[in-house]
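Enquirer: Dock chain B against the given chain A, drawing on the hints supplied.
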Amino acid sequence: MAIRAFLIVLSCLAAATCRGATFSSLQQTLIVTASPQPAQVLKAGEDEITVTWSLNSTFPAGVDSSYKTVTIKLCYAPISQKYRGWRKTVDNLVKDKTCQHKIVANKPYISSSSNNTFTSTVLRDVPTATYFIRAYAQNSEGDEVAYGQTTDSHKAVNLFEIQAITGRHVSLDIASICFSAFSILSLFGFFFLEKRKSKASESK
Amino acid sequence: MEISHGSYNQKKFALPVDSEHKATEFRLFSAAAPHMRAFHLSWISFFACFVSTFAAPPLLPIIRDNLDLTATDIGNAGIAAVSGAVFARIAMGTACDLFGPRLASATLTLLTAPAVYCTSIADSPISFLLVRFFTGFSLATFVSTQFWMSSLFSGRVVGTANGVAGGWGNLGGGATQLIMPLVFDLIQNIGATKFTAWRIAFFIPALFQTLSAYGIFFLGQDLPDGNYSELHKSGEKHKDNFAQVFHHAVTNYRGWILALTYGYCFGVELTIDNIIAQYFYDRFNVNLHTAGIIAASFGLANLFSRPGGGMLSDFMAKRFGMRGRLWTLWVVQTLGGVFCIILGQVGSLGVSVAVMLVFSVFVQAACGLTFGVVPFVSRRSLGIISGMTGGGGNVGAVLTQVIFFRGSRYSTETGLTLMGVMMICCTLLITLIYFPQWGGMFCGPSSKGKTTEEDYYMSEWSSSEREKGFHRASLKFSENSRSERGRKIGSAATPIDGTPNTYV
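Going down the list, the protein sequences come from chains A and B.
Going by the numbering used here, the first sequence opens with residue 135, and the numbers climb by one from there.
Going by the numbering used here, the second sequence opens with residue 2, and the numbers climb by one from there.
Chain A extracted, bound-state conformation:
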């Protein structure tokens, strides 16, 4: 009885996690191009990325009837995923960690226009890595139904790099060094005080 209830709970949990679409079920119906040239190095917080997307006309008309919004993301190339399990590519899109940085989210999809463009500066919390760009088309519930990307299916061509900010500031560096020096100096102060106290008790 308890085991049955337990199994029901387990299957509900399993169903919930399987609710997300899988990447292999998506159709690649979008053509996506972006401004970064292959092997170009962009600076986070300074350089801009311009992304252009349109529907691939070789697909039959009406394939985009369910597309309502488009989300464009920066995705890690395989070389930046190596030895880093927290960036792993997994087929289940809910658990997939390939594309962690959004360039634009939920932009309305306009099917008639063939030149949708968006430009933005690379955000300052994007880490140093090699990237490509992927656009997901979403239906009215926000689930992914199609995609397009700037690289091929092996994610080997047309990759570019982003150089992150270090996060360091001169003021922080100075503060660190000053406080460290202060700690060491106080230590010598302690030793000096201690010697003086013990000399005083000796002379008593």
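A couple of the hints might just be wrong.
[As the list claims (entries may be wrong)] List time: in silico DSS-like cross-link candidates among lysine-lysine, alpha-carbon distance up to 25 Å:
#1 A:177 - A:202
#2 A:207 - A:231
#3 A:216 - A:177
#4 A:333 - B:469
#5 A:331 - B:13
#6 A:207 - A:177
Hint data in this document are derived by calculation from the structure and do not stem from the laboratory.
As the structure is a computational prediction, the values presented were derived from the model and not from experiment.
Expert: The following block gives chain B in isolation, referenced to the frame of chain A:
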């Protein structure tokens, strides 16, 4: 309030004291100098050091992106954080024996604070590993904490004092998993970007550490009668010889056994601190915040479980003496190993969290129970024995992480099960500990020859040293340690005269 009549001066203490002026009661909510004030200063500074040492893990998702770390870099930094303290703890034990816990711990805390400040300027995997390595040295303040408590509290309450001070310090490892993300969020809301906010966040544990060192130096006192330097100069305390202190520590086999077994309770605790958040995140797919809270709850159990172990040790000693302490330690640590095996086998989230909490109570209580035994292993070399045991704890952490939780030879759950098996096997060594005056787990006190507490502790001093009167503190300790015989007072006779036998 008792007035104790010392042979040189009359002192009034706020707590009842024995002939060594050690407190015979432990009053948690008092801050009276010198006993309870030293207690609060030592656990707070140890807490600060634990917060600093484990401040990086909760912020790793941001740090690993900022510094472009690989999984191996992170694993190595985690091992580095606990390996530095192996030798630092032994050195700290020596420093306590020679210079006193107050100066030793204030010095170490201030020396490692720069490593925490400089975490803010780390910019590569190597610099990250180095700052975690040097920050980890601060975990040696554990030894000064235990030494200080053993110097200020009598045998009746030493387990409790050690357990509460150690446990509340270890709490820092759990508290930091909650504190650091909070501080980070606050700084981000003020306006800093992610990669700058985590750097600023490290100033908080660094400042806390610096302030606690100041507190210890200005408000603390080594012994009930004064500080080491004053007592050395006034002649009341003899400044001991390092070579002798070291010799008596390393030739006492009990110190080595306790060092190994402590590696399999405290070492296991440190390993779990490093890997448990990832384990729940990966195996049960909880989000990072939830994994952090679960990880924190493991460390937060230290609030009552390690003190509980210490109190249990003292409680068992009242009835059964040292044999009770040893038996309880073996039972509790073995059960900890059993629950570790179960933790690796369990496959559902709720049951896993429950087993982890039970496991945490047993493993942390075992740590408290260990330091109910350590103060009695040696009087002259208390510092180094405490340091060896503490260092052994860190060796256990390094060993278990390297053998079971590095690379992909074992899955984490298999690693947990195997670690539990290793815990049970190593804990068996406690059966080998034997005190001639009190007995061991399976044998009673020795009935042949002169085997009293005085014999045991006086054997650490040569006859020439005894002539100079250096052994007086150990003599007082021997008298006070008669309580370790348990309620049925043993028939071991007190020596009338003559040289006591030397015991290994």
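Enquirer: Going through the numbered hints above, which ones does this structure break? Give me the numbers in ascending order.
Expert: Failing hint: just 1.
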